[in-house]
Amino acid sequence: MTEPAVDLRPPQWRVNPRARWYWALLGLRAVAVAAVAEFIWWIADSGSRTPHYALAAGSVVLAAAYLLVMPAWRYRVHRWETTAEAVYTQRGWFTVERRIAPVSRIQTVDTERGPVEQLLRLAHVTVTTASAAGPLQIHGLDIATADELVERLTATTQASQGDAT
Amino acid sequence: MTDPVSADPVSAAPRVAGTEQPWQRLNTRMLLVHVVTDLIRAAPALIGLLFAGSSSGRGPLWGLAAAGVAVLTAVVRWVTTRYRITASQVQLRTGLVRRRRLSVPLDRVRTVDVQATLMHRLVGLTRVKLGTGRSTSEKEHHLTLDGLSAGQAERLRNDVLHGPAAGADAAHPTEWSEHPIPPRVARPDEELARLDLAWIRYGPFTMTGLITVVAVAGLVWRVVNEAHVNPNRYGAVRAARDHITDTAPALLALQAVAGLLVLVAILSTAGYVLAFWRFRLTRAGDGTVHVSRGLLTTRATTIEGRRLRGAELSEPLLLRAVRGARLIAVATGLRVGRGAERGGEILLPPAPRTVVLRVGAAVCASGEPLVLAMRRHPAAALRRRLTRAGATVVVLAILLSAVVAAGAAAQALIAIPVAAVLLAPLAVDRYRSLGHGVAAGYLVVREGALVRRRTALGVDAIIGWNVRVSFFQRRSGVATLVATTACGRQKYRAVDMAADEVAGFAANGTPGLLTPFLVERDVPGANE
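Protein sequence lines correspond, in order, to chains A and B. Counting from 1, one number per residue, gives the positions in the first sequence under this note's numbering. Counting from 1001, one number per residue, gives the positions in the second sequence under this note's numbering.
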């Protein structure tokens, strides 16, 4: 059996550019946790300070690189698209994952806004199917787009019959 | 499996459409089951109490208290649990403090699992588990009624899988009594397989006995500990200790390994017999598949025909070496996870590969998916597996060097070449396991090393695709294609396939779905 010489193109739409700030803030939170851990070690350890300085220097370099590179990289990767038949997302940065689900197999469509997202007037949409393997998530949508997307998907999902398995 | 008649007036109420069904309790005999099982579980503590008396130490007392609490909880649970089965739903009410109410529409039930431990069987009861295949939440995907009589379980199974009226004719209204139901007039079941005593020879190669050895060792340790027995008082233990001190370490290690292997082999065989005694796989006229098995604890699983969407041929390394394999159902509502070798999804216990292929062909309605020569994955996939094995050896070498530098015996370093010798062939084997293909309407993928699994999944059961490419995968030109599904393991992967084959392969599997997202690739040289 020969297969056609085709490739998957990336999904059509980028998310809101403010999403870069969203990912930067999330990254900052992870960096802060690491900093607190190092600070606790600083207080608890009364021995030589050399390993502390070494670790701190390494962490600062890594954290700076992470915070500078990761949000822009994610923004470049993060894309989404819906048609009447399917939802298609692409996310990640170091590892890129594309997910495609037929609209007829969608079980739930949720929109959610965490505290950071509220601050940036963003929302994310989660689409689940009957499979426990990986819901489709689109982060960093502006609220109007997210609402419109959920409304459209919910309408098409309700129109389709069957139990979506 | 008949049942002593002890119908209480409530459960004998006729089931007429439109009438409110009364809530009923689980069978009273279930209390006995709970008490006895909890006491058995507390046996180490009780034996300890018997040996040492209550004066020496608090350990046994705590054990006894725990047993008491367990019994009490069981009683409370029994008292607070009520269920009813209406024409369209099974409802369960449970909990004292936090009341829960679960209801499952009968037409959403995909699998019925009837299990009976030895205690259950002594009092004629069963535990019925209804699988609904709702996988949104871990807790809600099945409903368990622990304590139905065998007759009730049979009736429930028929109602659920063949429609409420199938079990009874018009003159005889369906009732939820404990009387054994009259046998259904049905087409004779087709027997797909039954246990052949010769299969038991595969028992030692399942290595399931290893778990038993660990469990028994733990139990012995607890009894010795809680009873304050001095093992040295016993001649056999003393003789063993003397033997240990007198024998050279290398010889001793050899003896220990040999002894352990023999023990594990014996226990694995015993486990095989316990789990699969009187194993029988049948298929009814409407495609419903029924598996029954078990020596002490019996288990009967029924899978609705249209929910069975494929099969998984599973070959643990040792079993593969002796040309044995297992067959596992790929069905909606039967979520496969750890311990699949003992769960309700088993279609065939470890058996000769030829038998597994025959049964698999019957399940898939085509022999092709399980024997198809699959497309191999590119050499980069092999390199990635060898790199990982190499990295593991390097990490091990660094750790061991640190340990030895810190003062441990230098002999520990022997583990480095041993690991390299073991891991390299394993990496090659992992690569050889990889493959993918499509045959007779089934997606076929294979992966694994210690357990090699070939899965045939009906393409209409695929409810989405994930394509995963890590940074390193991108550099090697490979990608992992994942078919998501509501069946079995929820996802089936073609690991590290050639990146440029992914889109075409997935598009062939689910025609139409990917079309809007595909682009023609520029074939080098095509435009010249």
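I should point out that these hints are in silico values taken from the structure, not numbers from a laboratory. Every residue, glycine too, gets a C-beta built ideally from N, C-alpha and C. Any given hint could be a false lead.
Covered stretches of chain B (chain A as the covering partner; in silico rule of three or more C-beta atoms under 8 Å from a C-beta of chain A) [to be verified]:
#, region
1, 1313–1323
2, 1457–1471
3, 1493–1504
Taking the hints in turn, this is what the structure says about them:
A count of 0 residues in the region 1313–1323 of chain B with a Cβ less than 8 Å from any Cβ of chain A is obtained; the coverage claim is therefore unmet, three being the minimum. Check on the region 1457–1471 of chain B: 10 of its residues sit with their Cβ under 8 Å from a Cβ of chain A, so the three-residue criterion for coverage holds. Restraint check on the region 1493–1504 of chain B versus chain A: 5 residues with Cβ-Cβ distances below 8 Å, three needed, restraint holds.
In summary, the structure is inconsistent with hint 1 from the numbered list given earlier, while agreeing with all the others.
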